[in-house]
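Student: Put together the whole structure using the sequences plus the hints.
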Amino acid sequence: MAAPVPPGASRPGDNTSPPAPNYNPNFRGFPDSLADNMQNLNLNRPPMTSNLAARPPPFGQSPAFPSSSPSPGIPGPSPPFSRPGPPPVAQLRPSVPGYGPPSSTLPLNFVPGRPTGPPTSQPMFLGSRPRPSTLLSSTGSPAAPTSGGPYPGSSLPTHPIGPPLLTPGAHPNTLTSTPLSAPQVMPPSGSSGNVMSNGPPVFSSGALSARPQFPPINSASQPPVGPNVVRTPPGPALQSQLPSSGAPQGTMPPLGSPFGVPSWRMQPQQVAPPPVPGPTQTSQMFGMPPPLPNQSMTTTISPAVGQTGAPMAGPSKIDPNQIPRPTPSSSVILHETRQGNQATIPPPATSDYIVRDTGNCSPRYMRCTINQIPFSADLLVTSGMQLALLVQPLALPHPSEEPIQVVDFGESGPVRCSRCKAYINPFMKFVDQGRRFICNFCGFTDETPRDYHCNLGPDGRRRDADERPELCRGTVEFVATKEFMVREPMPAAYFFLIDVSMNAVQTGATAAACSAISQVITDLPEGPRTMVGVATFDSTIHFYNLKRALQQPLMLIVPDVQDVYTPLETDVIVPLAECRQHLELLLESIPSMFHNNMTSESAFGAAIEAAFLAMKGSGGKLLVFQSVLPSLGIGALSAREAEGRTNTSAGEKEAHKLLQPADKAFKEMAIEFAEYQVCVDVFLTTQTYVDIASISVIPRTTGGQVYYYYPFSALSDTAKLYNDLRWNITRPQGFEAVMRVRCSQGIQVQEYYGNFCKRIPTDVDLAGIDCDKTFMVTLKHDDKLQDGSECAFQCALLYTTLFGQRRIRVITLSLPVTSMLSNLFRAADLDTQFCCFLKQAASEIPSKPLLQVREQVTNLCINALFSYRKFCATVSSSGQLILPEALKLLPLYTLALSKSIGLRNEGRIDERSFWINYVSSLSTPLAIPLVYPRMVAIHDLDSKEDHNSVIPSFLPLSSEHISNEGIYLLENGHDCSIYIGDSVSSDILQRLFGVATVDEIPTPFVLQQFDNPLSKKLNEVVNEIRQQRCSYLRLKLCKKGDPSGMSFFSYMVEDKSTGGFSYVEFLIHVHRQIQHKMTA
Amino acid sequence: MSEMANTDPEGVDGVRMTWNVWPRTKVEASKCAIPLAASIALIRSHPDIPSRLPYAPLRCKTCTSVLNPFSRVDFTAKIWICPFCYQRNHFPPHYGMISETNLPGELYPQYTTVEYALPISTNPNTFGNQTLDPNHQLQPSPVFVFVLDTCMIEEEMEFAKSALRQAIELLPDNAFVGFITFGTQVQVHELGFTEMSKVHVFRGSKEISKDQILEQLGLGAAGRKTAGIFQKGVQSGPPSSGVFRYLLPTSECEYTLNALLDELQTDQWPVPPGSRSARCTGVALSVAAGLLGACTVGTGARIIALVGGPCTEGPGTIVSKDLSDPVRSHKDLDKDAAPYFKKAVKFYDSLAKQLVSQGHVLDLFASALDQVGVAEMKVTVERTGGLVVLSESFGHSVFKDSFKRVFEDGEQSLGLCFNGTLEINCSKEIKISGIIGPCTSLEKKGPSVADSVIGEGNTISWKMCGLDKSTCLTVMFDLSTTDRSNTSAVNPQLYLQFLTSYQGSDGQLVLRVTTVTRRWVDSTISSEELVQGFDQETAAVVMARLASLKMETEETFDATRWLDRHLIRLCSKFGDYRKDDPSSFTLNPSFSLFPQFLFNLRRSQFVQVFNNSPDETAYFRMLLNRENISNAAVMIQPSLISYSFNSLPAPALLDVSSIAADRILLLDSYFSVVIFHGMTIAQWRNMGYQNQPEHQAFAQLLQAPRDDAQLIIRDRFPVPRLVVCDQHGSQARFLLAKLNPSATYNNAHEMAAGSDIIFTDDVSLQVFFEHLQRLAVQS
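Chain order of the listed sequences is A and B. All residue numbers for the first sequence refer to the UniProt record's numbering, where the first residue is 1 and numbers rise by one. All residue numbers for the second sequence refer to the UniProt record's numbering, where the first residue is 1 and numbers rise by one.
Fair warning: there could be bad hints in the mix.
As the list claims (entries may be wrong) - Distance condition first, Cα-Cα at most 30 Å in a straight line; then the derived BS3-like pairs of lysine-lysine: (1) B/Lys206 with A/Lys664; (2) A/Lys1039 with A/Lys1016; (3) A/Lys547 with B/Lys161; (4) B/Lys321 with A/Lys547; (5) B/Lys61 with B/Lys428; (6) A/Lys616 with B/Lys321; (7) B/Lys206 with A/Lys616.
In case anyone wonders, no lab produced these hints; they're calculated from the structure.
Tutor: Structure representation (structure tokens):
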């Protein structure tokens, strides 16, 4: 692939032209390992490809493939699979499976695409865009058997091999290393074609000279592809390599290496322009694909010349444009959870996919950081990766997915292992003509209950296996029997608690809350089991008796905020049907009733305690709207932030203390709340410090959530408040839940992370659980597993639905056990792993100095890469930074993480506390954008036509992509910033904002829709994003040259910032660290 | 003097004494067996009392007693000599015009009781120094805080509500009203909040201090600052601002209150089976007291508590919630087996102190079949001078009519007054041991404070937060131990002056001065005068009050023996007999009724407490202590009137022998009025003869006792229970219990037909007398 160019020069000393050669080699070498290629392609390429594809025709590539697969159904990267058509897919899959994982981005897709080339199926490439200097990720390809990777050869070749490395030394040279693309592995036939295609596309996109290079490479590479490889099980491994310092060496490991892990390398000299220019040039090479949509396809990254962009690259000469970057896929991936009785590797969490549950649970519900389980603890340690599950038990399914089936076992309840109590699942093995079954968790043999008996078919499966969801689906729901109830399932009770202190009233927060509640009431489930209550509070707590008999609501004040109580046993919470009118009236009158309230104190703690007491009998959701720092009564807090500021010496040293709860009061309350099934959500509509660190303890412990509107503006936040509240109430959710994760023998749960209360070690109690809540479950070995066997995980969530049914959702995932390190890297799940990083880091921020946390995060990244470098990539020269294909974005995300709000030194305490809290229950798909947001240009929305998606392609988070004439929208799943350059044409402003100059845009900003295509498109885009994120993003307007502009730039994680590396620098840093370890 | 007593025993001064002639020495006094005591009706109206003098009284500059008819006046020198301390005082200039023919009211000899109307600013009592805004004119509005129990059945609740509605209607427009309800928790209704009904809820299980209450009601120091905005201009009445949110003039809140009462529900907290409702009477009362604490000192205010059951929650609890745990009985109290009692009393004692310091009154209306804790709350009610009514139900006339009376104007009015203080000046030889009755000692020391204390003592000044026309106090005197024969020679008269200042029901501040004089006698020389001066009725009542007090305060006090001993001593001293010859015993008419009084006292509810619940006993005693002598005497020894065809209605012997088949008896035992139809009468009545024109006379006979009963009931507060019963009916026990058991099953055969017997082993009056004679004559 692309490699050609880069390679050459790169390495320090190496040779000049090596590039091409090198690359080829690699590829070739790898050929077998298609997988590798794939991976590479996927990762790196994307850019490229995309370019190719996209630009030209999205298909560009596909065409290429075409050879293999005729139908490019869909243009674009993703196309691969899609096109090929689902049908084929299936078949393909099989072979593919292994690969899938590799590519972070698109990989899977490709696979399918391949169809044609049956053998090789794996055509994937990743297109991550390699940055110039950097490297390329080579994907590990599973290559072919032939290649025997350094590693044991699992059948697949491990990728390990040779990813090209970048050598630091390279710098001098040009940096352009070109990445190579790995990929192209296409089947022979197609391959060439593909490659080619890739090449070309490039131009289109970037229109850089660079492309040319690729092509060649590609072609070359292709051959490498080992079709066979595909077959091999899993294994695609990826490696991306970064050249460390700037100089990439292009050299690839010789062909010799089994896989050709395509690596990226930079080639300095290569084609490229002189070193110096390096940075700038790069862009050309690839056309910086980033923007391009189609990256998916492909492949390599070529380092090529540094594009203009990467200033920092300076030293290293890495082309910023070619560094691995996420490549969104805009097409939908079809995913079957198991094929051929093997677990498939799920698509990236951030991609759009449709799952068919064929035995394993959908990855939406549960996914593992590594899709193969290391057989021993040592192996895991060696890998430097973490083993953890991310469980989102009520995750929203894709609309096209089959709904989860509900199974009713009647009186007897679901069949369970009598020893470990695991629920029946497709992996329990029926023996003895179906009379007994062996538990896949503890290995115990149980009698099949008589009425559940069924004969076995010739294949050893029960004959009814396909008719019984619990025997063929990874996720089912059982109807819970009495045995699972300590009481009648609780009603859906909602209690709204509204701050009416002076501040809240004056800022409009009270009115906003009342109006939101009032609107949301209509969305509450109908029926006699829906109960509601309202209370307000300032320095005292005001309950309202909404009983229908009363002519008007009765206000009951609880003045003792040191020792609260509920003023009524009944009637504070009443069936919605009986009080709808009263409630509406009341909500309407609250703002006026308190409009001249002069009480500035807030008895937040006492208020929730009192509300809790009122709800204690039934449990339910407590939704609190709070606007100021709790200053009175139970759980009163002090403005410690200010204290910290005045007392700087102490403040500095103990900065993280401010991120810890001020005292135990809230924690104790929260535990009690959880015990009585009260789930607390807190809406902080504030303009001041409210000590989220302390307050958030309650939502966290009770399975609730914190919403933060800062600085609150009645104008712009009212709509968001309503939408947040509405989603909070209408999203799929459950009450009084208990969750437990069971693992097969040899593995056990180490720790749960998330929003819950834990009273016994094995279970987590969830007063409330909803579709957005995700738990991280870390695992540890307590014994060796048997290589080749499968290890199962089962998450059982017992909960009560909104309608009062008691259900047990059982989510089962069975993954192969492996003894090969390379398999682990190939099966690594980037998004999930990063999500673990994120959650672990977040959980440690409050207890450790920031610097230490950042170091720790970096080390986690380095450890994994080091392990890969050391054990899976021996072949490569030491000068290269080699990234496993699957994890090639890890450095980028790690860097982004270390610059994220939570880990930044600056920033308000509350903001950081909120961040920490937000992360704790964050789902995997949202974790990535949180640290590496999506940025799109919106000033030219109407000029781009993209059939795939409403949302235009993303820009890398680097200030070089922001022009003064442009308007950009950046969203991280929670907030959304619109940045307006200072030279934007007034026409555009007029069309988007209805004003002629930037200064006229009113603050706070509210997005309006004007009657013109651009504005409509923008609204469409924003709405689409909101829908995707299930969040009504908080829009913030950022203008160049004002503080808001600065805050916008703080999202530009690839830039060098105070105290933070630029992306290129960071890669170099990582590379140095690895080298240091290697030598140590 | 005793003869006089029959017509108007208390006279213009409202003072009755056990001895109207005083022995000169302490030793002599102690030989008299019956202590020196005076019962004073503090503000009883009397046609002979002149209208209020519109100026301030003149006071002696050394002893502060007020100029009175017994002062010697030198009209030429414009000097008066104080009869208590003999200090010579100059008249101030504005008395310059006085002469023998131009006397100010207070010097008229017949005006031993006069009233001064005081401008508020010169209010001489302890509140005189409060800062009074001139705008807060002369007529501070009274405050009524209703405290309603909601732990009762719907029916009772409706009765209580309708009583309240009626009360609110009757209140003067300027009266301020507050409303508190309680059950498991206390709800303070913020009447001034217009948007919706608003209540402040206090937890019932926790004792809260006054400061906390004020703080939590927004009336604390912090609250007051901002409370200014609630000031409704220049308001009369409770001057402190924020409190207006809770206390509104009747005229402004009548509608709100009625609406509120309409919606008021019984306590909604669930009561587990087998349990009593959680009722936090104690906290409710302290919240009410706390709320009133926000009013400026000196505001007349009453807490009117309607309680429907025992306090089971929080401070003041008298019994556990477990129904299997009965409310304490006298037996439990005796055996110290009432775990809540002392704590509750202590709580109410502190509440009493708070209310007294604020000058506010607690009125208790308890209506329940079981006890509600009157025994514990007694201390608060009594010390603040509150009213108390105990009945079985809020629907019962005892409650309904009594409650109405409280608010009624006019002749029937109780004449409720506020902020009373009593000061007593007396001649040097006289010491004051204390007062029994509804008041609180102000602990104001003076030379006439006796060493030994009885009741509220250690002072020469007492406070009565609330008092009314009928309020009576019993002052116990002692004599100085030093021999003062010389001085008494100088002055054979002793003087007592009672200074009562109070805020009248019309808001006027009044100082009433009653000066009385009595004669010293040297009983060592002759007891004749002493005997003439004995007031048997008063003596009996004082003994009853003293015995009650001792029973309450002295453990192991044996009232019967104590009474017997005094009676025997009295008879020994004043009877005519030959030693050891019982048959020779005769008693002077001045004493002749006394033994019978004591006989009935021994059998009364005041001494025989075990027949009653502690609540009833407390109730009876409170009334005994605050009523005048005549009424109290009726409590001890009921009056019985007989009606028959053959004669006019006539007093009958309080004896079972008074029962006859053809008679109707009317028994007035103060707490109940019983109309008892003899068997024949009852049969006739049942046959409806009274409805036949030819039996008009019978109808009249039936009607006469009813009319008389109504007369009795009309003037009495609390309204007595009217029992109409027939001979041998179950209700007849109300009569039988009071009669002398001269006929019991032991001697039933001796009785004439138509009469009745009492099933008892109690001794009869005859037996009692026999023993008395025997013991009195023993040497």
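Student: Each hint: holds or not?
Tutor: Verification of the hints:
1. B/Lys206 with A/Lys664: Between B/Lys206 and A/Lys664 the Cα gap is close to 24 Å, so the pair holds against 30 Å.
2. A/Lys1039 with A/Lys1016: 22 Å, holds
3. A/Lys547 with B/Lys161: Judged against 30 Å, a Cα distance of about 21 Å means the pair holds.
4. B/Lys321 with A/Lys547: This hinted pair holds, its Cα atoms lying about 28 Å apart.
5. B/Lys61 with B/Lys428: Satisfied, since the Cα-Cα distance of roughly 16 Å is no more than 30 Å.
6. A/Lys616 with B/Lys321: 22 Å, holds
7. B/Lys206 with A/Lys616: It holds: about 20 Å lies between the C-alpha atoms, which stays within 30 Å.
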